[in-house]
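Asks: What follows is the residue order along each chain.
Protein chains: 4
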Amino acid sequence: MQRRLTKRGIERRDQLVEFAAHRFAENGYHPTSVTEIVSGLGVGKGVFYWYFTSKEELFVEILRGAQRGLRRTQEKAITGEGDPVARIELGIRASIRWLAENRDYFTLFQFASSEERFAPLLRLGEDVAVADAARHIRAGMDAGRIDEGDPAALGHAILGVTNQLVRILLFEKGEDPNRVADAAVRFCLGGLRGFSGVIAAGAHSPA
Amino acid sequence: MQRRLTKRGIERRDQLVEFAAHRFAENGYHPTSVTEIVSGLGVGKGVFYWYFTSKEELFVEILRGAQRGLRRTQEKAITGEGDPVARIELGIRASIRWLAENRDYFTLFQFASSEERFAPLLRLGEDVAVADAARHIRAGMDAGRIDEGDPAALGHAILGVTNQLVRILLFEKGEDPNRVADAAVRFCLGGLRGFSGVIAAGAHSPA
Amino acid sequence: MQRRLTKRGIERRDQLVEFAAHRFAENGYHPTSVTEIVSGLGVGKGVFYWYFTSKEELFVEILRGAQRGLRRTQEKAITGEGDPVARIELGIRASIRWLAENRDYFTLFQFASSEERFAPLLRLGEDVAVADAARHIRAGMDAGRIDEGDPAALGHAILGVTNQLVRILLFEKGEDPNRVADAAVRFCLGGLRGFSGVIAAGAHSPA
Amino acid sequence: MQRRLTKRGIERRDQLVEFAAHRFAENGYHPTSVTEIVSGLGVGKGVFYWYFTSKEELFVEILRGAQRGLRRTQEKAITGEGDPVARIELGIRASIRWLAENRDYFTLFQFASSEERFAPLLRLGEDVAVADAARHIRAGMDAGRIDEGDPAALGHAILGVTNQLVRILLFEKGEDPNRVADAAVRFCLGGLRGFSGVIAAGAHSPA
DNA sequence: TATGAATGAGTATTCATTCAT
DNA sequence: GATGAATGAATACTCATTCAT
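Residue numbers (my numbering), protein chains in the order written: chain B, 1 to 207; chain L, 1 to 207; chain V, 1 to 207; chain W, 1 to 207.
Among the clues, some could well be false.
Because identical chains cannot be distinguished in the list, a pair is counted as satisfied if it fits within a single copy or across any two copies.
As the list claims (entries may be wrong) - The calculated DSS-like cross-link candidates involving lysine-lysine, where the alpha carbons are at most 30 Å apart (straight line), are:
#1 Lys7 / Lys76
#2 Lys45 / Lys173
#3 Lys76 / Lys45
#4 Lys45 / Lys55
#5 Lys45 / Lys7
#6 Lys173 / Lys7
For the record, the hints were derived by calculation from the structure and aren't laboratory data. None of the values given here were measured: they were computed from a predicted structure.
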């Protein structure tokens, strides 16, 4: 929706985004009704539709904002670092730090990934982050510091580790973000160096 | 619901479970209505509530069945293998094989993880699998084949890698399950051996 | 909506159609809400959507039924009459009689004609009736009893006269249907014989 | 609403009337929202309620304006013509010409006739036009050029023919206004001369 | 005069669940 | 075991109107 907003309008809009993000994270997207959002803010229902064309649009906006925030944090973190492996490490640490501070958004990412409507948008953001990582991985390979392999796949592996450890160690067990980051970094950098496996690749078990 | 079912009753019930699982995976849990399920099977609504007390109960049952299936596959795969690292590898490969053949369930796991109601049940299953892996990891550490660390955390890291690669490489890019397994195994075994990182652990960036 | 209805179901459905037709006629289609319809019948809201997919569908169904009823009446009226002009007259009289007894439907026709969504359906019915009349008119022309001209246009002229006189004389002034029919027939049969006009055709006033 | 308007105010008001009339005709009165009207003109909502107390008031105003316009056209057309039948003919021709050039208003008349709220106003205008015609008809009867009968009823019959032929021939089939007028005049003048019917008046079919 | 913001009752429709047969 | 019918609270969204500035 394109609307010229006054200062007051911008504030209202931000209020809505923030409050809704919190409720969505806490209660789920579907179970959170528009009525709940507006009455939680003590405003009329029309207010919601003055700022957003639909509940879906609001969610997409929240998602976009969160992705932007995470990405900025990552970029800021690796600025000035030249070593590709170090850049990867810094990226992982920055992501975990950001997620620790934005638990709501992490939950929203989780949900978005499970709905056909939102998953593509989420993937878009993931792909950008993974492509970034892949560039560093490529550089690491060229420098002989990382085993040859598909850089994008390795980037996704890092994403998988990070998300799972954040969910379990950080949010479920309440561990310290830095220790979670240590564990993630250690596993990922080890993973990047690879290991051929006990069972010869190709000698797969029968279907 | 506990009901003594005739043979025909059992078939009906299974039909419902199977059909619903497919629709839930395809369309989402919330967007799929009970009406849609029963009319898709050409039966009346009473049938549904004869076998299940609620839509939620049905979903839980589907989830439980899927977890049971995955677990059995994993157990079967490692039976007879004594080496702990090989057991881990076999477990990873078995999981990926099973997920490749049960895409619907993978999607359902995703969704379950995003709803407060179902997440605990999902975690339960994950914890069992992770505990299994952790035992092998512990054994690997004792044998000096795996770097010291928190076995459960490492187990979760493996889970994270596996799920992400399955989603992206297998389902999104359509790669061959065996090649996906190769990539996952390689990354995970490397990860288990760890790598101390370029930046000294503990020397974290400022919050 | 295709549904196997029990006897009770058919009754309910008929109830809904009848009641809604009355309310639509009395109050207008838009101003009459689904809530009003169901609560007027003392049933839950779901009942409405058990029988109809939408308010619009219900209206279309009402419209179709009314058109069918009018048409049947017209057909029955002219059965057995061979003279084309007499057939026209009988058709006019039958229409007016039917409209007098189905005032609600007349009002609904009026409304339908004013909404882009429903107008085409209405025109379809009108066209059928006009085509019927046009056949008789054609026959009348061939017999030299009606002036040459476009039969369809003449049929529409008859329709226009009939509807307007029904609205004004019958419904507004409350005149007797037979007298209204007399006036309509007289005007229409005169109109069919035509009159060249005082001002020469073609000598049109300036735009 | 009575407000002393500046020149600019009058222009704004006219803009609103014109634009709204077009949207109402195109899209229907109910489906066209005030928001749509003001945003279509690129102004705020306050503007609307500065000039009109309600959407309904605006519609009434549009209707009144249209009726005034049509009436003026009719009056101008018959000015200077003394023969009553010719006056009728000129009136019909003028009406059709005006409707051809004001299709939007024709549609609005249609709608107004179908809503209890607006119908009385519409009838008022119709009655004026019919009364006019009735005077000429009366004169024609006195001069023996038109069959005896109820002049008002005959006036309405003319109105019915005109409206229907305009809708079908002019708007639906896109015929030339002059040819439509020829057909209408011919039918109406014929109708005024009447025809006793094949079936004896009074010998009505059974109810 | 005009704007953007807000109101809140109202709308059509959905849907998990229950009921009578 | 199974059906069609019914429930009614809930949902997302609309819109004529009002208000503060």
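Asks: At most 30 Å between C-alpha atoms: does lysine 7 with lysine 76 qualify within a copy, between copies, both, or neither?
Replies: Result: close within a single copy only, 29 Å intra versus 57 Å inter.
Asks: Please sort lysine 173 with lysine 7 into within, between, both or neither, judging by C-alpha distance up to 30 Å.
Replies: This pair counts as neither: shortest intra-copy Cα distance 41 Å, inter-copy 45 Å.
Asks: For lysine 45 and lysine 7, with the copy left unspecified, which applies at a CA distance of at most 30 Å: within, between, both, or neither?
Replies: both (20 Å within a copy, 19 Å between copies)
Asks: 30 Å Cα cut-off: does lysine 45 pair with lysine 55 within a copy, between copies, both or neither?
Replies: both (12 Å within a copy, 22 Å between copies)
Asks: With identical chains treated as interchangeable, where does the CA-CA distance between lysine 76 and lysine 45 reach 30 Å or less: within a copy, between copies, both, or neither?
Replies: neither (39 Å within a copy, 45 Å between copies)
Asks: How would you classify lysine 45 and lysine 173 at a CA-CA limit of 30 Å: within, between, both, or neither?
Replies: neither (39 Å within a copy, 43 Å between copies)
Of the hints listed earlier, those the structure fails to meet are numbers 2, 3, 6, in rising order.
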